[in-house]
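Asks: The sequence shown begins at 1 in the UniProt record's numbering and counts up by one.
In case anyone wonders, no lab produced these hints; they're calculated from the structure. Careful: at least some of the hints might be erroneous.
[Stated by the list, open to error] Listed below are the simulated SDA-like cross-link pairs for lysine to any residue, each with C-alpha atoms no more than 20 angstroms apart in a straight line:
{"no.": "1", "residue 1": "Lys259", "residue 2": "Pro77"}
{"no.": "2", "residue 1": "Lys333", "residue 2": "Arg597"}
{"no.": "3", "residue 1": "Lys245", "residue 2": "Gly270"}
{"no.": "4", "residue 1": "Lys650", "residue 2": "Leu640"}
{"no.": "5", "residue 1": "Lys435", "residue 2": "Ala401"}
{"no.": "6", "residue 1": "Lys288", "residue 2": "Ile359"}
{"no.": "7", "residue 1": "Lys599", "residue 2": "Met503"}
{"no.": "8", "residue 1": "Lys188", "residue 2": "Thr342"}
{"no.": "9", "residue 1": "Lys259", "residue 2": "Gly234"}
{"no.": "10", "residue 1": "Lys64", "residue 2": "Lys245"}
{"no.": "11", "residue 1": "Lys333", "residue 2": "Lys11"}
{"no.": "12", "residue 1": "Lys319", "residue 2": "Ala53"}
{"no.": "13", "residue 1": "Lys188", "residue 2": "Gly234"}
{"no.": "14", "residue 1": "Lys435", "residue 2": "Lys185"}
{"no.": "15", "residue 1": "Lys288", "residue 2": "Lys319"}
{"no.": "16", "residue 1": "Lys64", "residue 2": "Lys259"}
{"no.": "17", "residue 1": "Lys599", "residue 2": "Thr334"}
{"no.": "18", "residue 1": "Lys259", "residue 2": "Ser271"}
{"no.": "19", "residue 1": "Lys650", "residue 2": "Val593"}
{"no.": "20", "residue 1": "Lys382", "residue 2": "Gln432"}
{"no.": "21", "residue 1": "Lys599", "residue 2": "Phe380"}
{"no.": "22", "residue 1": "Lys188", "residue 2": "Arg68"}
{"no.": "23", "residue 1": "Lys259", "residue 2": "Asp202"}
{"no.": "24", "residue 1": "Lys6", "residue 2": "Phe373"}
{"no.": "25", "residue 1": "Lys333", "residue 2": "Met286"}
{"no.": "26", "residue 1": "Lys245", "residue 2": "Glu347"}
{"no.": "27", "residue 1": "Lys11", "residue 2": "Trp391"}
{"no.": "28", "residue 1": "Lys348", "residue 2": "Ala265"}
{"no.": "29", "residue 1": "Lys479", "residue 2": "Arg294"}
{"no.": "30", "residue 1": "Lys382", "residue 2": "Leu4"}
{"no.": "31", "residue 1": "Lys479", "residue 2": "Asn158"}
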Amino acid sequence: MFGLPKKDWFKLFLFLLAILISLGVFGYRLYLEQQNMTVELAYDHEEILSLQAYTGQTQAQILKMLQRAGVTSIVVPEDTLNNLTARGLATWVTGQDLLNMARFGQIQNPVLLALIRSTDVVPENNYIMVDQVATFQRAQNSLINDLGPERARVAGRNIIEIRGQVNNLGNIGLGIDEAIIENLKIYKFQIIPKLADSRRIDAVSLGLKIDAICALTGARTLIFGGNEILGYGGNLTLVAEKMRKNNVNFGVIEFMEQKGSRTLAEYLPGSNIGVHTVTSAQLQRMTKERALDRYLLATLDRGMRILYLRAFTNENLAKDLLAYNEDFISTLKTRLERRGTTVLPVEKVSLGLNPDFSIIFSVFISLGLVPVFYFFLKLFFKNLPENIFWWGLVLALLLSAVFWRLDYFSQWRALMALAVSIVFPTMAMLTQLPKTDDWPADKITFRETLLLVLRIVGITMLGALLIIALLSDSYHMLKIYQFRGVKLAFGLPLLIVAFYYFMYPYRIKSLRFIFKRFLQSKVTLGYVLAGGGALIFLAFYFLRSGNYQLPVFSGEAAMRNFLSYVMLVRPRTKEFLIGYPLLIFIFHNLGTVIDYRYKWLFFTLATIAPISLLNTFCHLHAPLWVSLLRSFNGLLLGVLIGCLLNWSYKTAEKVWRYIF
Numbered sequence: 001m002f003g004l005p006k007k008d009w010f011k012l013f014l015f016l017l018a019i020l021i022s023l024g025v026f027g028y029r030l031y032l033e034q035q036n037m038t039v040e041l042a043y044d045h046e047e048i049l050s051l052q053a054y055t056g057q058t059q060a061q062i063l064k065m066l067q068r069a070g071v072t073s074i075v076v077p078e079d080t081l082n083n084l085t086a087r088g089l090a091t092w093v094t095g096q097d098l099l100n101m102a103r104f105g106q107i108q109n110p111v112l113l114a115l116i117r118s119t120d121v122v123p124e125n126n127y128i129m130v131d132q133v134a135t136f137q138r139a140q141n142s143l144i145n146d147l148g149p150e151r152a153r154v155a156g157r158n159i160i161e162i163r164g165q166v167n168n169l170g171n172i173g174l175g176i177d178e179a180i181i182e183n184l185k186i187y188k189f190q191i192i193p194k195l196a197d198s199r200r201i202d203a204v205s206l207g208l209k210i211d212a213i214c215a216l217t218g219a220r221t222l223i224f225g226g227n228e229i230l231g232y233g234g235n236l237t238l239v240a241e242k243m244r245k246n247n248v249n250f251g252v253i254e255f256m257e258q259k260g261s262r263t264l265a266e267y268l269p270g271s272n273i274g275v276h277t278v279t280s281a282q283l284q285r286m287t288k289e290r291a292l293d294r295y296l297l298a299t300l301d302r303g304m305r306i307l308y309l310r311a312f313t314n315e316n317l318a319k320d321l322l323a324y325n326e327d328f329i330s331t332l333k334t335r336l337e338r339r340g341t342t343v344l345p346v347e348k349v350s351l352g353l354n355p356d357f358s359i360i361f362s363v364f365i366s367l368g369l370v371p372v373f374y375f376f377l378k379l380f381f382k383n384l385p386e387n388i389f390w391w392g393l394v395l396a397l398l399l400s401a402v403f404w405r406l407d408y409f410s411q412w413r414a415l416m417a418l419a420v421s422i423v424f425p426t427m428a429m430l431t432q433l434p435k436t437d438d439w440p441a442d443k444i445t446f447r448e449t450l451l452l453v454l455r456i457v458g459i460t461m462l463g464a465l466l467i468i469a470l471l472s473d474s475y476h477m478l479k480i481y482q483f484r485g486v487k488l489a490f491g492l493p494l495l496i497v498a499f500y501y502f503m504y505p506y507r508i509k510s511l512r513f514i515f516k517r518f519l520q521s522k523v524t525l526g527y528v529l530a531g532g533g534a535l536i537f538l539a540f541y542f543l544r545s546g547n548y549q550l551p552v553f554s555g556e557a558a559m560r561n562f563l564s565y566v567m568l569v570r571p572r573t574k575e576f577l578i579g580y581p582l583l584i585f586i587f588h589n590l591g592t593v594i595d596y597r598y599k600w601l602f603f604t605l606a607t608i609a610p611i612s613l614l615n616t617f618c619h620l621h622a623p624l625w626v627s628l629l630r631s632f633n634g635l636l637l638g639v640l641i642g643c644l645l646n647w648s649y650k651t652a653e654k655v656w657r658y659i660f
C-alpha cells in the first residue's frame, strides 16, 4: 500500500483517519463561517449625548442620523451616580461639603435645607438627591441591593444617605432608564445593555437585576463594563444561568482584560459573540480611514460580529462633526457589505464544534499523530525500534484519558497542536531538501522547483489541517483561549533544521570533537560580526512573531496597505520576502552559488516559509477563507519574487563576466 511495507499499514491507517477527521472539521468550519456573515453595528448611548453636546443637535436628529447611516443597535450602559450627576439628574455631595455650604448660607434648595434641619448630617457620609421619582426609586433600590439597608437609606424626600466611605461609589450600577429604552425603540434600535461591575451585590438581587434588565430591553446580547464581569468573585455561575434562561449572548470584548470574562465564556459555550471597539480617547487620535481599517480588520480577519462604535468629537477633524460621523458609519457599512457581510442585529453565532465531538475527534487525531512523531524520530534514529510506536499509542491513549479525567483536556489538545506546529514544518524541510552534495542546480527546471515548493507547502498544510481540527472550538475562535507556545513553534524548527543539515549524517559521530574544536578556535572580527548579525536577526524575527511587540515602519505600513488593497488579504512578509524566495534561489543555485558547506544556513532561513504558513492557521479566530487566501497570496508573491531574484542574479552574473 503506497509502497509501504505491511508493518506500516496500520500507521498509515491511523494517520489517514486523523486527516479525514480534520478535513471534516475543516469543511464544517467553512460552512459555519458562511452562516455567520452578519455584523452588528452598535453605538454607545453616552456617545450620543456627547455628540449632542458637541454639535448642538437634538437627540432626535442624532438618532435619525444613526438610523440613516446603518447603526442597528445602541449600547446602553447602566446609570451610575457619575453619569446621573453629569446629566444633571442627580446632586451628590458629601456631608462635609453640605455642612460647609450651610455654614456660609450657600444652600438654597429647600429639600437640602430641610435635611440639615431635621437630621444629624455626618461629614463622612454621602448624600444623593434625585428629583425624578422613577430614577430616585431605581437608584434607591440599586444602592440598597449593593450596599445593604444598613449603609444606604432614605434620609428625606428624594434624598439617599450613604453611610461611611464606599469604594467606587460613583460607578455602582443603578439599572437602566426605561424612558431611554422606550425612546430608542421608536427608532427600531436593538438594545445591548452594558452592566456595571460589583462584588457586593448578593446572589438574589443579582439574579433579579439581570432578569429585570433583559425583560426591559429585550436584549439578545449583554456586555459588561469595568475591570470585572458582574458576578465575579462567586456568582458567575448564577450570571451564566440567568443569561441562558433569558436566551442572551455574552459579548466578549476583544483586547479588554476583564476578570471573570474567560470563566463566563466557558459557562456559555455557543453563546459567545466577539465584540470589537475603539476607546473614545484612541478614536480622537485616529483618522477616519485608520478607524475604518481597524474595524474592517476586526471583522474580516478576526471574526468579530459586533462593532461597538463611538463618536468622533475632535473638532480639528471637521467643521460638521455630525456629517463626519454619519459618513464614517455609512462608509463602514458599505465596505462591510462589499466584503459579503450583512449588517443586521446578531441573534446567534455558531462557532466551533460540539464539545463532546471535539473530545472524541481529538483522541483519534492524537492517535493519528503517533505514527507521524515516530517517522519524525526515524529521520534522526534510523534503527528506532518498532515497539516505540506501540508504546507511543498506549501513552497517547493514557494521557488523553488522564487529561480528560482531570478536566484539563483543552491543555492536552493545546499540547498536541504545539507538537504539530513544530514537527510538520520541520519534517517538510527535512524530507524535501537535498541531503547529499550532488544537487543538479544547473539542470533543474522551474516546474521541478515549483513541485518541490508545493510538496513542502502540502506537508505543512497537513499539519495546519490537524491544528484546525484540534482547536476549532468557540473558545479559541474568540481568542478566549489562544494558541500556546508561539515562540517555540517559531524557534524550534529553525534549530532542528540547522542541527540536522549541519551535523547529520556525516558529523553526528564526531559531535564531541566538533564542539571541542569550536570552543578552542580563535575568535575573529568576522565571527563577532556574523554572531552579532545572527542575534539581531533572531531578535527581530521573534519580536515580530508575536502581537505588536515592535512598531511597524512607515514604509512597511504603506506596503501592507497596498497589498491588502490589491490582494484583499495581505500575505505574511516573512513568507514572500524571505522564505519562498530563498527556497527558489536554493533549488537553482545549490552547489554553484551556494557552497554545500553553508547549505544548512540557507535551509534554516528558508524554513521560515513553512513555519509562517502553519502559524497562519494557528490564529483560530481568523476565518478560514482569510487564512487560505493569505497563504495562497504569500506563496504566489513569494514564488514570483524568488524567480525574479534568481533571474536578476543570473543576469547580473552574466553581465559581470561579460564586462570583466
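Asks: Going straight from one Cα to the other, do Lys599 and Phe380 come out at no more than 20 angstroms?
Replies: Holds, at about 18 angstroms.
Asks: Quick one, are Lys64 and Lys245 close enough, alpha carbons at most 20 angstroms?
Replies: With a Cα-Cα distance of about 33 angstroms, the restraint between Lys64 and Lys245 is violated, given a limit of 20 angstroms.
Asks: Do the alpha carbons of Lys479 and Arg294 lie within 20 angstroms of each other, as the hint requires?
Replies: Judged against 20 angstroms, a Cα distance of about 17 angstroms means the pair holds.
Asks: Quickly compare the C-alpha distance for Lys479 and Asn158 to 20 angstroms and report which way the hint goes.
Replies: violated, 46 angstroms
Asks: If you draw a straight line from the CA of Lys382 to the CA of Gln432, is it 20 angstroms or shorter?
Replies: With Cα atoms ~17 angstroms apart, Lys382 and Gln432 stay inside 20 angstroms; holds.
Asks: Quick one, are Lys288 and Ile359 close enough, alpha carbons at most 20 angstroms?
Replies: violated, 45 angstroms
Asks: Taking only the CA atoms, is the gap from Lys259 to Ser271 under or equal to 20 angstroms?
Replies: Holds: Lys259 and Ser271 sit about 19 angstroms apart, inside 20 angstroms.
Asks: Keeping to a limit of 20 angstroms between CA atoms, is the pair of Lys245 and Glu347 held or broken?
Replies: Holds: Lys245 and Glu347 sit about 15 angstroms apart, inside 20 angstroms.
Asks: Holds or violated: Lys259 with Pro77, Cα cutoff 20 angstroms?
Replies: holds, 19 angstroms
Asks: Quick one, are Lys259 and Gly234 close enough, alpha carbons at most 20 angstroms?
Replies: Holds - the C-alpha atoms of Gly234 and Lys259 are around 12 angstroms apart, at most 20 angstroms.
Asks: Hinted pair, alpha-carbon criterion (20 angstroms max): Lys245, Gly270. Please report holds or violated.
Replies: Judged against 20 angstroms, a Cα distance of about 14 angstroms means the pair holds.
Asks: Can you confirm whether the C-alpha distance between Lys11 and Trp391 stays at or below 20 angstroms?
Replies: holds, 13 angstroms
Taken one by one, the earlier hints fail for this structure at numbers 2, 5, 6, 10, 11, 13, 14, 16, 17, 31, listed in ascending order.
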